[in-house]
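Visitor: Spelled out from the first residue to the last, the chains are:
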Amino acid sequence: MHQENEDRSFKVEALARVEGEGGLTVKMKDGKVADVQLRIFEPPRFFEAFLRDRQFTEAPDITARICGICPVAYQMSASHAMEDACGVTVGGALRDLRRMLYCGEWIESHTLHVYMLHAPDFLGYDSGIHMAKDFPDIVERGLRLKKIGNTLMTLLGGRSVHPVNVRLGGFYRVPTRSEMAALKPDLEWAREAALQTVQWVAGFEFPDFEQDYTFVSLRHASEYPINEGRIVSNKGLDIAISEYEQHFAEEHVAHSTALHSRLDGNKLYFVGPMARYNLNFDRLPDAVQKAAEAAGLRQQCRNPFQGIIIRSLEILYACEESLRIIDNYKPPKLPSVAVPPKDAIGYGCTEAPRGLLYHRYRIEGNGKIREAKIVPPTSQNQRIIEDDLSRLIPKIIDFPQDKLKHRCEQAIRNYDPCISCSTHFLDLKIEEAD
Amino acid sequence: MNISKPKLAVFKFASCDGCQLTLLNCEDALLSIAGEIEIAHFLEASSAVQAGPYDLTLVEGSITTPQDAERIQEIRKQSKKLISIGACATAGGIQALRNFKNVDDFISVVYAHPDYIDTLDTSTAISEHVRVDFELRGCPIDQAQLIELITALLQSRKPNIPTHSLCMDCKQRGMVCVMVSQGTACLGPVTHAGCGVLCPACNRGCYGCFGPMETPNTASLRTSWEKLGIATKTIDQAFCGINANAPAFRKEHDASGK
Ligand code: SF4
Ligand code: SF4
Numbered sequence: 000m001h002q003e004n005e006d007r008s009f010k011v012e013a014l015a016r017v018e019g020e021g022g023l024t025v026k027m028k029d030g031k032v033a034d035v036q037l038r039i040f041e042p043p044r045f046f047e048a049f050l051r052d053r054q055f056t057e058a059p060d061i062t063a064r065i066c067g068i069c070p071v072a073y074q075m076s077a078s079h080a081m082e083d084a085c086g087v088t089v090g091g092a093l094r095d096l097r098r099m100l101y102c103g104e105w106i107e108s109h110t111l112h113v114y115m116l117h118a119p120d121f122l123g124y125d126s127g128i129h130m131a132k133d134f135p136d137i138v139e140r141g142l143r144l145k146k147i148g149n150t151l152m153t154l155l156g157g158r159s160v161h162p163v164n165v166r167l168g169g170f171y172r173v174p175t176r177s178e179m180a181a182l183k184p185d186l187e188w189a190r191e192a193a194l195q196t197v198q199w200v201a202g203f204e205f206p207d208f209e210q211d212y213t214f215v216s217l218r219h220a221s222e223y224p225i226n227e228g229r230i231v232s233n234k235g236l237d238i239a240i241s242e243y244e245q246h247f248a249e250e251h252v253a254h255s256t257a258l259h260s261r262l263d264g265n266k267l268y269f270v271g272p273m274a275r276y277n278l279n280f281d282r283l284p285d286a287v288q289k290a291a292e293a294a295g296l297r298q299q300c301r302n303p304f305q306g307i308i309i310r311s312l313e314i315l316y317a318c319e320e321s322l323r324i325i326d327n328y329k330p331p332k333l334p335s336v337a338v339p340p341k342d343a344i345g346y347g348c349t350e351a352p353r354g355l356l357y358h359r360y361r362i363e364g365n366g367k368i369r370e371a372k373i374v375p376p377t378s379q380n381q382r383i384i385e386d387d388l389s390r391l392i393p394k395i396i397d398f399p400q401d402k403l404k405h406r407c408e409q410a411i412r413n414y415d416p417c418i419s420c421s422t423h424f425l426d427l428k429i430e431e432a433d
Numbered sequence: 000m001n002i003s004k005p006k007l008a009v010f011k012f013a014s015c016d017g018c019q020l021t022l023l024n025c026e027d028a029l030l031s032i033a034g035e036i037e038i039a040h041f042l043e044a045s046s047a048v049q050a051g052p053y054d055l056t057l058v059e060g061s062i063t064t065p066q067d068a069e070r071i072q073e074i075r076k077q078s079k080k081l082i083s084i085g086a087c088a089t090a091g092g093i094q095a096l097r098n099f100k101n102v103d104d105f106i107s108v109v110y111a112h113p114d115y116i117d118t119l120d121t122s123t124a125i126s127e128h129v130r131v132d133f134e135l136r137g138c139p140i141d142q143a144q145l146i147e148l149i150t151a152l153l154q155s156r157k158p159n160i161p162t163h164s165l166c167m168d169c170k171q172r173g174m175v176c177v178m179v180s181q182g183t184a185c186l187g188p189v190t191h192a193g194c195g196v197l198c199p200a201c202n203r204g205c206y207g208c209f210g211p212m213e214t215p216n217t218a219s220l221r222t223s224w225e226k227l228g229i230a231t232k233t234i235d236q237a238f239c240g241i242n243a244n245a246p247a248f249r250k251e252h253d254a255s256g257k
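Line by line, the protein sequences are chains R and S.
Heads up: the first sequence runs through residues 0 to 433, numbered per numbering that gives the first Met the number 0.
Heads up: the second sequence runs through residues 0 to 257, numbered per numbering that gives the first Met the number 0.
None of these hints come from the bench; they were simulated from the model.
For clarity, every value in this text was computed on a predicted model and none was experimentally measured.
Note that beta-carbon positions come from the ideal geometry of N, C-alpha and C, so glycine has one too.
Hints are supplied without guarantee of correctness; some may be wrong.
As the list claims (entries may be wrong) - Okay, derived cross-link-like pairs now, EDC-like style, lysine to aspartate or glutamate, Cα gap no bigger than 20 Å in a straight line: (1) R:367 with S:168; (2) S:80 with S:147; (3) R:132 with S:37.
To be verified - Simulated coverage check for chain S against chain R, where a stretch passes if three residues somewhere in it have a Cβ under 8 Å from a Cβ of chain R: (4) 85-99; (5) 200-207.
Unchecked claim - To give an idea of the chain S side of the interface with chain R (calculated C-beta under 8 Å), a few residues: (6) 23; (7) 38; (8) 44; (9) 77; (10) 105; (11) 109; (12) 139; (13) 197.
Chain S extracted, bound-state conformation (with noise of 0.2 Å):
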């Protein structure tokens, strides 16, 4: 039966990671997909490695090199079905604030030989480069929205992610809201449902590590901040943070004039 094994692919592009180890943590659906599929590259896992082409890929990481963005090209042409993993794939990550700062600068800041680093101005999302069948948020990743994912991917369905905010998983969970009891400033009404409300559930504010939801309403979220009597830089500055480069997050830090 081995002939019909869909075969699976991981890549990992600028990334720490994070969302790979939150795959090899599925242990005990790993160890029944490994019996579905035929893992066909997967460095962090595995030495062995097959050429493709992939019925199914998976890339962690976005792209900031000039090598990448060839490399990428590549990957997609191998695959059938490519799924971008993480804030890194998605939106370009916490290391696409550069793209709103000098490079050069960082590069010096970093680097005693500046010469020798070879790097583009930017970090950015697997999307602006090549076709995307699936973008999965999450800095990392949840486990279950990934198990989903390949599963309904295998079965040829449509996974079952919602794309509202995690202010509505909250009050749909019945939990206090940490904004208007605690007065805390939290990222929840614009932020991509999909953690499980893990920040409000420890009495934190949502720093928005899932980016935002479809269609967020991120000027209004602004005002309920400020009436919160919150500085406008640290409102730019939480929009300007992991998915700073998410299209909705970037329009609303720099909507400020910064």
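The shape of chain R in the complex, shown without the other chains (with noise of 0.2 Å):
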């Protein structure tokens, strides 16, 4: 380890306000950053190990318990990828309802994210809970907004976290129009509010720090992506979901706490809202994108502390499209349809609303899980989130301690890391450096 004389070492020791628990260390040495850890404290749990030997239809119930904050994500991307294995498609209303609770978890989580996360950030606050002494309406708007997402997962999930009514080909029960009607006035003013929050987080303060990045996402042929479509990048990739392994790879590296994502070779890539925003800007419905104008935002967005309005124009956007499902619903005639096991690999990659999740299961005939392979979210913008950082504490070297790790937390929730969705963060022991 280096000697702390000359050289300025600082450590955030437990991060707040990012779901899970996880750590920073940055080493600098002759006034330039030296390294950059973003340590993760989060135990592995091994999902992937004994996943093998169940049966793939509890698939989508035990990766749920991966993420708390995203477990539709979770189920989306394992039926997809259990339902590529057997050759079945899902469509129609089932499609559509799958595609609403999707959007229920948008707007809880991104909602959870701005107003109680990082909002206060901007606004100089420890919590959401602090902001709300001095703006009750807001964060009042912010709560009534998050809850609306739980009511829409609780309609079509049973509940918000690890929702029980999701299965392979389906639900176990579909609503009712009248159910589904219930919603729309809470929804018409979900959309209002989603709006309003567009506006506000417009008017905070962005620090320059603008970068030529590699975005990756999903691409549909007439949606914004959730479910379905085929991986991009800005760059030039232009992929099947299947190929997926083919040109990402993941690996254990020593001096970190993750294992590293990397596409093609070496190249760091980011997902998430951002990533999906510059990809898909055409895909957005024409009162979003009026929306994002309004903001001061172009169809490309390269600074990841403006993160904060793409996640809120996404929410706007799962408002939208929750409202035009409710509008176009008839229910199913059955809740599910029929899925028979087969001896095969299945893949499946949906947005997560943190990004790209991806699954791929080998099944047998008789329905037992073989292998499976999950690659989340927060793992692919590990290495981003450390590139960004040491770009970033260069130029703010000389900022008194205090506002130095606060900038630095704030960059880090720029990409809102779930850490304990990540199947494999580790607590690693760190080798000495000569």
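Combine the two chains into a complex, taking the hints into account.
Guide: This is the structure we're talking about:
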């Protein structure tokens, strides 16, 4: 380890307000950043290992438990992968209901992040609860908005954390038309509140920090991507979901606390709302595009601090989309389609609130899972977070210690890292540098 | 009046954060609770952190590393009342499936360099390490139960949290039994009440996310499932799920000799 003589080193011990607990170590040498490590205290839980030998029908309920903040993402990626293996496609109203359930999770997760976790950074508070003392109306708006996301998930999923109503091929029970219609007044209010959220966060002060990122997200022929599409980037990548592992590799490196993802060799890449927005602006409905323009965003946005605006735009989108689905809704005859097991491999990739979530399973004809692979968004963004920090810190190194720490935390929270959502973040023994 | 406000702390071990999110989801109640208590340590919600001692500590997650086994001892010392919340904290959670396999095999399935991993062979409940004042069940816990528990403790009264089976709740609500009417396998007769019978309300059998009720008759439920034509292996796996390491369920999935 380096001596702490002339070199400034600092640690942010337990990072608050990222879901899960992590820490950051930055090592400085001669005024330059020598090393940045986002340390993750999350102990491994071995999901990929214990999925082996379980029934393929159990994957949605088991993998949901990887992350309580985005369980629907896990349930959807798992369901799509299993259906892909078995050659089944889920269409029509069932497909719409899945999309709407996912919209509920986007609303809930994004609102939690925007109001309770990230906005306090911009306004100088320790938490949303502290912020509520000075901005009661705004925090109340956020809480109500989040609650509407939860309500939507509760109607379609049975509950908002680890929904019980999702199964391969669809649902156990589907809502009636009147149950769906009953959500409309709330969603209409939410659409307005989301628009106000966009306007509110657009007025924050953003540090000047544009980078030339490689953005990666799904892209669908006609929709803003949620459950399906091809995997594309702004640097020419355009592949089927089944080709993911030919281009993206995970590495277990010594000086990191997580498996690091790389694209085509050694490229850093960026997943999440900002990637989706940059690659799919043309798929957003008019109302959302207009809101983006009014908020001063172009069709391309490369400043991760402005991610809070994009998250707010996605809340608006999720409200619009849910209202559209409610208006078109005709209950399907059956709540699910049959998914008979096959000896096969299946791939699933969906857009979790925090970005691309990839699942692959090999199953047997008797329905037993033989192999599982899961790549969550947070482990994909880990390197880009460290890279951002190593570019940001030299610019702000003269800030007082407190402000410096705070700005680093804010930069990490740009990515809304859900640390437990990493199936394989690990507690690492740090090796001694000479 | 600040001096007299009880201090609340929330700590996390191996978990998915879903139980903490359930606490954050108590939005309305949270703001009013926030008036009566002081949130002294809740990293998911606030960067302002106060040192102990704490009047009421909520613990999410299970013990899976040597460091965590020490950390929980320290937290216990700092806490007047300590409550474990959720299946992870009360039974070891889904990650306790490692307890029934060789953990080295597990590590090598997930990681390229097993030597970097520092983990225990088992995932265990908080109560296996320290004295726990109350265990709140569920994966995740139920909001109403959580609020009732916090309120009762603040008022120094006994919380009203029933320990009977999910099945009883179903009957009380006059719901159609999924096992009798559709022949659907359901763990309701042996599962702890509290979720509000969510799965049967969706036409689905309970999969036991609230863990075993007090003194469950798992052997008799096994017989009923066998009568439905369900294979022994499938029955074992049903007990070997989210609450696999809860003693009553562990005994039952071990029973057939797997
Ligand atoms: S009990 Fe379930 S919901 Fe709660 S932390 Fe554990 S896995 Fe998550
Ligand atoms: S019915 Fe059973 S599995 Fe379903 S939510 Fe309730 S306790 Fe959990």
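Visitor: Now tell me if each hint is right for this structure.
Guide: The hints, checked one at a time:
no. : hint             : in the structure
1   : R:367 with S:168 : violated (33 Å)
2   : S:80 with S:147  : holds (15 Å)
3   : R:132 with S:37  : holds (14 Å)
4   : 85-99            : holds (count 5)
5   : 200-207          : holds (count 5)
6   : 23               : holds (7 Å)
7   : 38               : holds (7 Å)
8   : 44               : holds (5 Å)
9   : 77               : violated (15 Å)
10  : 105              : holds (4 Å)
11  : 109              : holds (5 Å)
12  : 139              : holds (4 Å)
13  : 197              : holds (5 Å)
Hints 1 and 9 from the earlier list are contradicted by this structure; the remaining hints agree with it.
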